[in-house]
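Residue numbers (my numbering), protein chains in the order written: chain W, 1 to 336; chain U, 1 to 410.
Just so you know, these hints were derived from the structure itself, not from any lab. Quick reminder that beta carbons are idealized off the backbone N, C-alpha and C, glycines included. It is possible that part of the hints are untrue.
Said to hold, decoys possible - Residues on chain W that point at chain U, a partial pick, calculated with CB under 10 angstroms: (1) S40; (2) N46; (3) S63; (4) S71; (5) S74; (6) H75; (7) D104; (8) T105; (9) I197; (10) P331.
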Amino acid sequence: MVLFAAAAAVALVAAGCGGGGGGDSTGTTQKSSFKAALISDIAGFNDNGFNKNQLKGLNNSASKLGITAISKVSHSSSDYQPNYNAAIRAGANLVIAAGFLLGDTMKKYAKQYPKVDFAITDDSASAVGGLKNELGITYATQEGGCLVGVLAAKQAEQMGKKIIGAVGGIKIPSVDSYIAGYQYCANKAVPGTKTLIQYSNSFTDEAACSNVAQNEIGSGAEVIFQIAGGCGDGALKEASKLGKWGIGVDADEYGVAKNILTSATKKTDVGVEHAIDLSFHNKFPGGTDILLNLKNDGVGVGTISPKVPKAWVDLMNNYKQQIISGKLKPPATLSK
Amino acid sequence: MSEPKRDLVESPEEAAATGTLAARISLSQRAGGVAVPVATIVLAFLIGGLVVLATGHNPLDTYRDVFNGAGLNWFFHPTTSTQGAAAYNLSQTLLQSTTLILTGLAVAFAFRCGMFNIGGQGQYFVGLVVANWLGVSFADMSLLPHALITIVGATLAGAAWAGIAGVLKATTGAHEVISTIMLNWIAFYMASWLFGDGGPLQTSDPTRQTVPISNDVARSAQLPVIWGTHGFQGLDIGFLIAIAALVVFWALINRTTLGFEVRAVGFNPDAAAYGGINVKKNLIRAMTISGAFAGLAGALDMVGYLYHYGQLDVQVSQVGFIGIAVALLGRNTAVGTFLGAVLFGGLLYGTTQGLSSNVIQPELATNLTYIIQGLVVLFIGADLLILYVWNSRRRLRPRRAARAPVKAAA
Numbered sequence: 001m002v003l004f005a006a007a008a009a010v011a012l013v014a015a016g017c018g019g020g021g022g023g024d025s026t027g028t029t030q031k032s033s034f035k036a037a038l039i040s041d042i043a044g045f046n047d048n049g050f051n052k053n054q055l056k057g058l059n060n061s062a063s064k065l066g067i068t069a070i071s072k073v074s075h076s077s078s079d080y081q082p083n084y085n086a087a088i089r090a091g092a093n094l095v096i097a098a099g100f101l102l103g104d105t106m107k108k109y110a111k112q113y114p115k116v117d118f119a120i121t122d123d124s125a126s127a128v129g130g131l132k133n134e135l136g137i138t139y140a141t142q143e144g145g146c147l148v149g150v151l152a153a154k155q156a157e158q159m160g161k162k163i164i165g166a167v168g169g170i171k172i173p174s175v176d177s178y179i180a181g182y183q184y185c186a187n188k189a190v191p192g193t194k195t196l197i198q199y200s201n202s203f204t205d206e207a208a209c210s211n212v213a214q215n216e217i218g219s220g221a222e223v224i225f226q227i228a229g230g231c232g233d234g235a236l237k238e239a240s241k242l243g244k245w246g247i248g249v250d251a252d253e254y255g256v257a258k259n260i261l262t263s264a265t266k267k268t269d270v271g272v273e274h275a276i277d278l279s280f281h282n283k284f285p286g287g288t289d290i291l292l293n294l295k296n297d298g299v300g301v302g303t304i305s306p307k308v309p310k311a312w313v314d315l316m317n318n319y320k321q322q323i324i325s326g327k328l329k330p331p332a333t334l335s336k
Numbered sequence: 001m002s003e004p005k006r007d008l009v010e011s012p013e014e015a016a017a018t019g020t021l022a023a024r025i026s027l028s029q030r031a032g033g034v035a036v037p038v039a040t041i042v043l044a045f046l047i048g049g050l051v052v053l054a055t056g057h058n059p060l061d062t063y064r065d066v067f068n069g070a071g072l073n074w075f076f077h078p079t080t081s082t083q084g085a086a087a088y089n090l091s092q093t094l095l096q097s098t099t100l101i102l103t104g105l106a107v108a109f110a111f112r113c114g115m116f117n118i119g120g121q122g123q124y125f126v127g128l129v130v131a132n133w134l135g136v137s138f139a140d141m142s143l144l145p146h147a148l149i150t151i152v153g154a155t156l157a158g159a160a161w162a163g164i165a166g167v168l169k170a171t172t173g174a175h176e177v178i179s180t181i182m183l184n185w186i187a188f189y190m191a192s193w194l195f196g197d198g199g200p201l202q203t204s205d206p207t208r209q210t211v212p213i214s215n216d217v218a219r220s221a222q223l224p225v226i227w228g229t230h231g232f233q234g235l236d237i238g239f240l241i242a243i244a245a246l247v248v249f250w251a252l253i254n255r256t257t258l259g260f261e262v263r264a265v266g267f268n269p270d271a272a273a274y275g276g277i278n279v280k281k282n283l284i285r286a287m288t289i290s291g292a293f294a295g296l297a298g299a300l301d302m303v304g305y306l307y308h309y310g311q312l313d314v315q316v317s318q319v320g321f322i323g324i325a326v327a328l329l330g331r332n333t334a335v336g337t338f339l340g341a342v343l344f345g346g347l348l349y350g351t352t353q354g355l356s357s358n359v360i361q362p363e364l365a366t367n368l369t370y371i372i373q374g375l376v377v378l379f380i381g382a383d384l385l386i387l388y389v390w391n392s393r394r395r396l397r398p399r400r401a402a403r404a405p406v407k408a409a410a
């Protein structure tokens, strides 16, 4: 009897262990059965900034939460729908659009698949239909633009002419918000500072941005702020070549050319991770937007050149505090 | 035994070869049969495979992914669970091929008249723009007339755009390569401005005032879908229209006086003029018809499945240029253009979808897409080299030795 009981007990324990182990593994499979998909815009994942950072965010989340990451690259706008289709076929619980260009497609699929969460970088949920399964991931890039504008204005003043330049890729909201903040705070830090604004009509062609930078420098610009992705690197190189200063965008572009004052950064990876966290923990705030700004470190400035005097950095930090406290509100759109 | 016969057919054309680039390419393209384009493709895929191998991936697996990504596995097991995905992918491949058939024909037709139409991209943009404008306007019309007006209008606009290059060539002798390239840039910036912020065709949606994308064409201008779901990029009847265009191309070239004249001018303008053919008229005519094909491509994309277009889409569109590769690979014939378009459609879509898996890193997948496509294009250029080797092998035959000095003198 005793032996029998002992055997039964062992069996029970074994069963318990098995059960426990099984429970754990179901727990993990439940976690890892979550799938998050990211669909690039037409720039693809090789753009050294905007899309690439979001892919980094997706992969970070995948390793942190143990979820499956699905990444789909688009080469033209006719790839958007097939990529959404493939992501949903693969069983994605959350599909993230890497930019506002995908808005129309996301709107359609969000309506068609109400049980799947959809998020979009650089656009608000209301712009894509405002459905309960939609989330906008927005960035207050005008705040970062403001901070680099302060340094640009000071640098231009020191170099003699109160003229600074902005080289935009294409006139779209996410480009103009940077420029609006830049122009506003430059003029505030050094009254009378003039901002030259031109667009290269490209996000990829370095030569196009180099031409625009040359043009602006010819008109007296001392500092060039690029808001044109890979194309803009051409503007930074051109500025250094002509003995002027450049300011990078989105990623920390300190190493791109010799004279880089700093960069206005936009942490698109953080936004993606944030959206995945919310969907994963069933706290998806559908129909609303999350805003990444200076306060929550979603936007900011990159490495600052050691040649920048401490007084200017202090002034910039002063602006930063004012923005965080809400005293200063740089505009997000250019006045027409 | 077939050897002497082929020589007989070829000789007058060889003798008629003129100095123009397009005429020479077109001539050498007609030689060699299907062996050369097939060898071209095989070579491109072999070298592409070596590149894939160098990146540390299995080329066979990669090509299988591309094959499946293009939906071609649908033919082999249409009953398994991947049927839905495979069928969808195949419909997308055909959708991409539709555009390339037409941009390919745009290049092929001009080639047959001895002209190199590099302007397919610009003519495509003009077609897109006009189709968007007509498709957004007249929203109250019923389906058939609205779709018809939109397609015909855009086709005529593409024809007129290419016609400018034809007229310039006929009246002033301006080379069509230069003028079509310049017209491409004009169309590019025009489309960029029209769809851009503040442009006349930019969206009128009050919540998207600063977004550089056009309005959707009205429901009445959107073509019916034959495979897939309407509004979700299903395969539309535009594919059938493209097939019809292939038949029209074949009939025009081979069964009409117009086609005969166009080909005669393509072989040798001087001889054609001597034979009583109006060369100038045919140059304009060939260019105009070329542009009509490209304009139709833009129209069908707009009313078939895109419905709208954006300033940034203008930046990345390459369909007109891929059309050149399609036409060259297809030997400027209707059947060849169809096969070339399906190959490139499959490559474009298959590499994007098939390689976008987690096996190959997404950053690398994009580059592999470009590498494989680039190699095919490169070897299409190289097929002239293959032809050279092919022909010199024949030239070495003793029986042809007697003719060699005559050719050298020519």
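Results of checking the hints against the structure:
no.: 1; hint: S40; result: holds, 8 angstroms
no.: 2; hint: N46; result: holds, 5 angstroms
no.: 3; hint: S63; result: violated, 13 angstroms
no.: 4; hint: S71; result: holds, 4 angstroms
no.: 5; hint: S74; result: holds, 7 angstroms
no.: 6; hint: H75; result: holds, 6 angstroms
no.: 7; hint: D104; result: holds, 7 angstroms
no.: 8; hint: T105; result: holds, 9 angstroms
no.: 9; hint: I197; result: violated, 13 angstroms
no.: 10; hint: P331; result: violated, 13 angstroms
Violated hints, listed in ascending order, are 3, 9 and 10; each of the other numbered hints is respected by the structure.
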